[in-house]
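Colleague: Below are the chains, spelled out letter by letter.
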Amino acid sequence: MTAAVEVAIRRRRRAVRLPALGASGWVALTAVALVVLAALFAPLLAPHDPDTGNLLAAYARPGAAHWLGTDATGRDIASRLIYGARTSLLGPAAIVALSLLIGVPLALVSAWRGGWVAFVITRMLDVLFAIPGLLIAILATAVFGAGLRAAVLALAVAYLPYTARIIVSAAERERRQEYVRALTVQGASALSISTRHVLRNIAPLIASQSTVAFAYALIDLASLSFLGLAVQPPEADWGVLASDRDAVLQGHSTQVVAASVLVIVTVLSLFVLGARLAGERPTVRGFLRRRGAR
Amino acid sequence: MNVLEVQNLSLRIDGPGGAVPILRDVTFAIGAGEAVGLVGESGSGKSMTLRAVARLLPPAAQTSGTIMVNGTDVATLGRGQLRALRTRELGFVFQDPRSAVNPMHRIGDFLTEVVRDQRGDLPAARARALELLERTGVPEPARRLRQYPGELSGGLLQRVVIAAALMARPTLLLADEPTTALDVTTQSDVLALVDELRREQQTAMVFVTHDLDLALAVCDRVVVLYAGQVMEVASSASLGHAPLHPYTRGLFASRPPLERRVDPLPAIDGVPAGLADAPSGCPFQDRCAVVQERCRAELPPLRPVGDQLVRCHRADEIRDGRLREPLPIAVRAPAEAGGR
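These protein sequence lines map, in sequence, to chains A and B.
The letter at position 112 of the first sequence is residue 112 when you use my numbering, and the numbering goes up by one with no holes.
The letter at position 204 of the second sequence is residue 204 when you use my numbering, and the numbering goes up by one with no holes.
Source of the hints: derived by calculation from the structure; they are not laboratory data.
Take the hints with a grain of salt, since some may be wrong.
[As the list claims (entries may be wrong)] Now the stretches of chain B that chain A is said to cover, found in silico as 3 or more residues with beta-carbon under 8 angstroms:
| # | region |
| --- | --- |
| 1 | 50-60 |
| 2 | 89-96 |
| 3 | 258-269 |
Remember, predicted model here, so these are calculated numbers, not experimental data.
Note that the Cβ used here is the ideal one computed from N, Cα and C, for glycine as well.
Let the hints inform the model, and build the full structure from the sequences given.
Modeller: What follows is the structure in structure tokens.
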């Protein structure tokens, strides 16, 4: 997505150049890229099969054979973390994609039509705002059974108002531009103006917002998996791997610490990247503020 | 049949403090191939008149009266019909080409936007775009089609906007101060160009400007607006020769002379009034040099005096030179600058 944004921004020659990523931005981009590559090439990178263990090698210490040691059933922790990147990234990606899929058309219609249409859409989003995302997700897993699908659908609905609200305000601002009026009077259709022009011009903002939303979706999904509501063991997922209480109680905390560190590093990197894409400086205050408006 | 007939157009915009009147009883018509100038100060309602014709008004606007484009009442059109009318009959040239063109799209895409949108003949549209760019005097037109708006100068970009307005061979060109954002030399080139293309295609034009001289040079007839009302309608020849309304005469008198320095520049006393804060009676009364009791009590009708239409109780006296008070400029005499 960032590549598309770069192209889009570079094309906007007169208005903005690609915001300078800065040192922190490049570090963040590298970290995110590494995680994505690990997920993509997990079968090539992982030294062992993540799901088959050797009970004789349970709780092996980190070493040459097992970089980070093994868990209670003798499965290679490093391999499980590498494979875990897949579910840990796929879930948030699905959440962001779904909320964009519903949010973008809603936002464009609302910005274009205005009036009572915008009123109805805004009120609907307000109702969704009122319900905390994790609560919807926990409710959904209670109704539809624990698992990734219910959690993803519920979080997509919970993230919808945040995504849609930001796109609505950006689209409304863009819609008031004179060039939209010029296109209207040329006889261009509403659909074409909304998609080919308005949507395309606010794409960088959507990319930045989606990056941050992705980070929060990752935390939320990992939390749900940690609670045993989303991804189910034995499937490798960072949230699942971080919830191995037995290992910690027996003094083997490598897996839990490593999984937690991966979640934290990935989320912070995504946040820094999102801020840099929006041309802002990443700050702790910004992070907390965005937490409220994910 | 007239290309455009505006009859008794009134316009109000709803605001938090009630409806604000913008236009009152604006009436004029344009025949095929004719060019009419709408002249007035800022806030006189000239741009709003133009927007009303293209139905580009803000949602809070309420209009009454009729606007007919080639015999079709614009107000009654459904969404699809309105689009068809805009595509086929209207061309709109905006004041600032920079903001009227999406900076993210290539010039070629901008020119062929509507044809692509309506799944028309794209190769033909590209050929037409190339031809129009050539005709509008854009150098290296083929290369321009691939460029982005940011790579073109303001003058070139305005030519592109004019080309876009003429793409579909409209019958009516609506030009909203098309040269205000350009420098003076570019301005005359662009205007000569519009004139030439317009005559070739027999396109009628409404030309909105605050520059009276420009309107006289470009247009066949001129409509002078003040505070949302028509003050005077006359052919460019008779208006330039013998303006009748005191306001029009004030406008002429406010032109700085070319041959010598004047400091301060001549101006009409007072502040331009919008329709909202216009007094009852004649809206120009507080700034008029020849105001009478009657002007304060009663709004003069727009009536024929000679071969022009004037909204002034004293137009006959002015025409015949029977006024005792001095007016800014004398009828049929060279302009004596310094109307203060």
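Colleague: Each hint should be assessed against the structure and marked as holding or not.
Modeller: Right, here's what the structure says about each hint:
1. Coverage of a stretch by a chain is defined here by at least three residues with a beta carbon nearer than 8 angstroms to that chain's beta carbons; for the region 50-60 of chain B and chain A the count is 3, and the condition holds.
2. Judged by the Cβ-Cβ criterion of 8 angstroms, the region 89-96 of chain B is covered by chain A as claimed, because 4 of its residues qualify and three suffice.
3. Requiring three or more residues with a Cβ within less than 8 angstroms of a Cβ of chain A, the coverage given for the region 258-269 of chain B is violated, as only 0 such residues are present.
The structure does not agree with numbered hint 3 stated previously, though it agrees with all others.
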